[in-house]
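*Asks:* Below are the chains, spelled out letter by letter.
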Amino acid sequence: SQQGEEDPQALSIQEGENATMNCSYKTSINNLQWYRQNSGRGLVHLILIRSNEREKHSGRLRVTLDTSKKSSSLLITASRAADTASYFCATCPPGTYKYIFGTGTRLKVLA
Amino acid sequence: DAGVIQSPRHEVTEMGQEVTLRCKPISGHNSLFWYRQTMMRGLELLIYFNNNVPIDDSGMPEDRFSAKMPNASFSTLKIQPSEPRDSAVYFCASRTGLAEETQYFGPGTRLLVL
Chain A
92 SQQGEEDPQA LSIQEGENAT MNCSYKTSIN NLQWYRQNSG RGLVHLILIR SNEREKHSGR
152 LRVTLDTSKK SSSLLITASR AADTASYFCA TCPPGTYKYI FGTGTRLKVL A
Chain B
3 DAGVIQSPRH EVTEMGQEVT LRCKPISGHN SLFWYRQTMM RGLELLIYFN NNVPIDDSGM
63 PEDRFSAKMP NASFSTLKIQ PSEPRDSAVY FCASRTGLAE ETQYFGPGTR LLVL
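Listed in order, the protein sequences are those of chains A and B.
Be aware that the first sequence starts at 92, since it is given in this note's numbering, and climbs by one per residue.
Be aware that the second sequence starts at 3, since it is given in this note's numbering, and climbs by one per residue.
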């Protein structure tokens with residue numbers, strides 16, 4: 092089964108609002124990554140947070156990680172129509188090199 | 003810089019036919035990954051290579067699937083014979099090495115098996 096599960100499955104917000112999506116995973120991890128996929132395209136790496144970090148920022152992105160709850164959240168502030176995409180978390184269990192992707196959150200930002 | 007290149011971008015074939023998907027990783031990247039994406043199963047890792055050697059093929063669904071990497075700049079994923087349930091988007095991704103975390107994805111090949 093999938094290592095990561097995102098929620099919500101779909102999210103629709105107005106431009107300028109913040110978007111928050113969550114990821115839960117099952118095993119211990121070395122790090123957790125978030126990727127974006129625009130319709131009909133490949134995945135693009137957004138941000139990585141290591142297991143010893145609790146929060147990380149990159150531009151309008153803020154990622155938190157709670158290893159005790161095996162969960163992470165991605166916050167996109169001041170969303171834009173161009174942020175419309177699917178967002179996936181990916182985790183790599185220790186001892187492997189395989190990233191396992193979650194089910195994704197489909198974000199729609201309305202102009 | 004050119005990213006990961008995949009061909010063809012779209013493939014429509016009939017059940018029973020052989021399908022070959024191609025991938026050129028980013029130059030200098032030593033690790034290559036093949037994924038399959040469907041609505042039902044999400045993004046699944048099929049197989050990955052390091053320095054042209056297959057490391058883990060436990061995600062390959064059946065013997066009908068095979069993958070090769072004859073050199074550092076080329077990999078193929080072959081399905082023979084193809085079946086309708088193989089319809090999916092197939093992605094290739096590369097990264098500099100297994101210890102590197104960031105993966106770079108190609109645009110994908112959308113396969114439809116009729």
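Just so you know, the hints here were simulated from the structure itself, not pulled from any lab data.
Certain hints may be false.
[As the list claims (entries may be wrong)] Computed spacing ranges between beta-carbons, pair by pair:
hint, chain 1, residue 1, chain 2, residue 2, range
1, A, Glu-108, B, Met-17, 24 to 30 Å
2, A, Lys-117, B, Gly-5, 28 to 34 Å
3, A, Asn-143, B, Glu-20, 43 to 49 Å
[To be verified] Derived contacts from chain A toward chain B, CB cut-off under 7 Å, selection only:
hint, residue
4, Gly-133
5, His-136
6, Leu-139
7, Lys-189
8, Phe-192
C-beta atoms are modelled at their ideal positions from N, C-alpha and C, and glycine is treated no differently.
*Asks:* Return the status of the interface hint for Lys-189 of chain A: holds when the least beta-carbon distance to chain B is below 7 Å, violated otherwise.
*Replies:* holds (6 Å)
*Asks:* Please check whether Phe-192 of chain A passes as an interface residue: C-beta within 7 Å of a C-beta belonging to chain B.
*Replies:* Because about 4 Å separates Phe-192 of chain A from the closest Cβ in chain B, which is inside the 7 Å limit, the hint holds.
*Asks:* Return holds or violated for the Cβ distance of Glu-108 of chain A and Met-17 of chain B against the range 24 to 30 Å.
*Replies:* At 46 Å between Cβs, range violated.
*Asks:* Between Lys-117 of chain A and Gly-5 of chain B, does the C-beta distance stay in 28 to 34 Å?
*Replies:* holds (31 Å)
*Asks:* Under 7 Å is the threshold here; is the Cβ of Gly-133 of chain A close enough to any Cβ of chain B for the hint to stand?
*Replies:* For Gly-133 of chain A, the interface hint holds, since the closest Cβ of chain B sits about 3 Å away, which is under 7 Å.
*Asks:* Just to be careful: measuring from the Cβ of His-136 of chain A to every Cβ in chain B, is the smallest value less than 7 Å?
*Replies:* holds (5 Å)
*Asks:* With respect to the beta-carbon atoms only, verify the hint that Asn-143 of chain A and Glu-20 of chain B lie 43 to 49 Å apart.
*Replies:* holds (48 Å)
*Asks:* Have a go at the Leu-139 of chain A hint: is there a Cβ in chain B nearer than 7 Å to its own Cβ?
*Replies:* Holds, because the Cβ-Cβ distance from Leu-139 of chain A to chain B comes to roughly 6 Å (cut-off 7 Å).
In this structure, only the earlier hint numbered 1 is contradicted, and the remaining ones agree with it.
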